[in-house]
Amino acid sequence: MICENCKQRPATITVTQMKNGKKLTRHYCDVCNKQLDHFHLNLDSDEDPNAVQKLFSSWFGTPSWSVQAVPISNTQTKVQNDSCPQCGMTYRKFLEEGKFNCPTCYETFKEQLPQVLKRLHNGAIEHIGKVPGSINESYQMKRQIEALRQDMKSAVEEERFEDAASIRDQVREIEKKLQSGGEESDEH
Amino acid sequence: MTSIDHFLKSKPPLWMRGDINYGDIIMSTRIRLARNLTGFRFPRAFSDEEALQIDKLVSSAIIDEENNLDVPFSYFSLHDMPALQRQVLVEKHLISPQLANKTKMGSILVSEDETISIMINEEDHIRIQCLQPGLQLDKAYHLADEMDRLLEEKLPYAFDDSFGYLTSCPTNTGTGLRASVMMHLPALTVTNQMGPLINTMARLGMVVRGIYGEGTEATGNYYQISNQITLGKPEEDIILDLQSVAEQIVQKEIGARRALLEHASIAVSDRLNRSLGVLQYARILSSEEAANCLSNVRLGIDLGLIPPIPDRVLNECMLIMQPGFLQQHAGTTLQANERDVYRASIIREQLQMNNTDSKQ
Ligand SMILES: [Zn+2]
Ligand SMILES: [Zn+2]
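One line per chain: the protein sequences are G and L, in this order.
Sequential numbering of the first sequence, starting at 1, is according to this note's numbering.
Sequential numbering of the second sequence, starting at 1, is according to this note's numbering.
There could be a bad hint or two in this list.
Unchecked claim - With a straight-line cut-off of 30 Å between C-alpha atoms, the simulated DSS-like cross-links for lysine-lysine are:
1) 9/L - 56/L
2) 154/L - 139/L
3) 154/L - 142/G
4) 154/L - 176/G
5) 99/G - 154/L
6) 139/L - 56/L
7) 110/G - 153/G
8) 93/G - 104/L
9) 99/G - 142/G
10) 110/G - 142/G
11) 118/G - 142/G
12) 104/L - 99/G
13) 110/G - 154/L
14) 176/G - 142/G
15) 110/G - 93/G
16) 110/G - 176/G
17) 154/L - 177/G
18) 99/G - 56/L
19) 177/G - 142/G
20) 176/G - 153/G
21) 118/G - 153/G
If you are wondering where the hints come from, they were derived from the structure by calculation, not from laboratory data.
Given these sequences and hints, build the entire structure.
Structure (structure tokens):
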């Protein structure tokens, strides 16, 4: 099999990605795989292939893969035309300009954002650190639930079922508290 | 409220007084927090109406007698401010050049001692900045954090559980924290060690920029080292990492200075003392030459090759040699060549004053 990107070297690497709920399999050579870094695979088919390079070159200097990156013309990714309800920003425009227009943009593009943030923040996609006082409490509870769920999983794996059950009760307790902040809580 | 004149004086502000925590190598520390209000578009896209509302919300949250702040804050709109005054505030690092150009909707809140400034409607709705002399990341962060807590009590911040503080630029997303140290690294520069160091820093997630110069070219051997990453790392870790990097660079600079002295003592002494001569006797001084000579003189003093001149005097020279300050001091607009002449005379004066002071 020949590399789908350069169509020259033999493909040695298979990349599987989830895209809009569909599984996509790609075959690349070693060289292209390194250059692509699976980032602009998610760009729209009619996206200006230079836009993302412009964006990132202005932040990072010329990216290594811009030297011989080949526009991907055959990708079957769907064009994402979602625009931000608060400001009208589209994802494509964000990639061109490298900046958001309003806080709601984050919510609008939350599916695509992790791959951008990963590149900018050394692989990180999630905030750790200070939280504004007003939302502190519910945030802490959500974090607590996450941690407990992890504990529960490992308890189950290690067949400590009694522990798992008691952790589950703790999770339910916190979930109740979380919900009582808003509406009346429903029994599951 | 303090008048703007207070903030336009060339007396070095508190954070430039030196003589503290590696003060001979680390000139100052800066913390910047980027914050936005929910329900408003970011400054790059907002309407005049939104700009006005944000301005009112933020300024009235700070200028409030019930705050009980240790140091009073003053509010200035960039709109009514003459260009020269705006430039002086930039040269004093109280506002960014970007804000200085935003005369339509930008404004600034600044503490009387000039250690804290809050820019309104720069790239983000709110940018809290704290400056401290020497290496004082903890203290600077603590002060900025205090202002942040005051604001968050009164204003609805744009914050997301997983992305953290939402900012206009994704390079600030998360903590919105940019911590920087301004370092004077003449020995590392002259021994060509800055290039490799900058590369190493990049791998550690730190950015090195020249300051007082264009782009990455450092004039006067001053560099700013900051964290690049704002997401996935708590504030304490960001600060701790920068602290340890800064301390290591200090050790490297000390090592390079020692090596310079050992290998080329007389050549180094000659070069540094010549710079003192230029500052004392030149009649035309470009800002670049002045910055480089001041850097050399500072190094000469640190190495004991030049008799001491207080940091206060050198810092005042650094401030006043900048175009905005010069023209403000002259009380008139000066062309570039006129500035070079005026700069030379002001620096001569400063050094002579110090000389007569120390002889009395
Ligand atoms: Zn290939
Ligand atoms: Zn938006």
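Here is what the structure says about each hint:
{"no.": "1", "hint": "9/L - 56/L", "result": "28 Å, holds"}
{"no.": "2", "hint": "154/L - 139/L", "result": "24 Å, holds"}
{"no.": "3", "hint": "154/L - 142/G", "result": "24 Å, holds"}
{"no.": "4", "hint": "154/L - 176/G", "result": "28 Å, holds"}
{"no.": "5", "hint": "99/G - 154/L", "result": "27 Å, holds"}
{"no.": "6", "hint": "139/L - 56/L", "result": "29 Å, holds"}
{"no.": "7", "hint": "110/G - 153/G", "result": "27 Å, holds"}
{"no.": "8", "hint": "93/G - 104/L", "result": "25 Å, holds"}
{"no.": "9", "hint": "99/G - 142/G", "result": "29 Å, holds"}
{"no.": "10", "hint": "110/G - 142/G", "result": "19 Å, holds"}
{"no.": "11", "hint": "118/G - 142/G", "result": "23 Å, holds"}
{"no.": "12", "hint": "104/L - 99/G", "result": "21 Å, holds"}
{"no.": "13", "hint": "110/G - 154/L", "result": "28 Å, holds"}
{"no.": "14", "hint": "176/G - 142/G", "result": "11 Å, holds"}
{"no.": "15", "hint": "110/G - 93/G", "result": "15 Å, holds"}
{"no.": "16", "hint": "110/G - 176/G", "result": "27 Å, holds"}
{"no.": "17", "hint": "154/L - 177/G", "result": "25 Å, holds"}
{"no.": "18", "hint": "99/G - 56/L", "result": "25 Å, holds"}
{"no.": "19", "hint": "177/G - 142/G", "result": "11 Å, holds"}
{"no.": "20", "hint": "176/G - 153/G", "result": "21 Å, holds"}
{"no.": "21", "hint": "118/G - 153/G", "result": "27 Å, holds"}
Every hint, counting from the list given before, is met by this structure.
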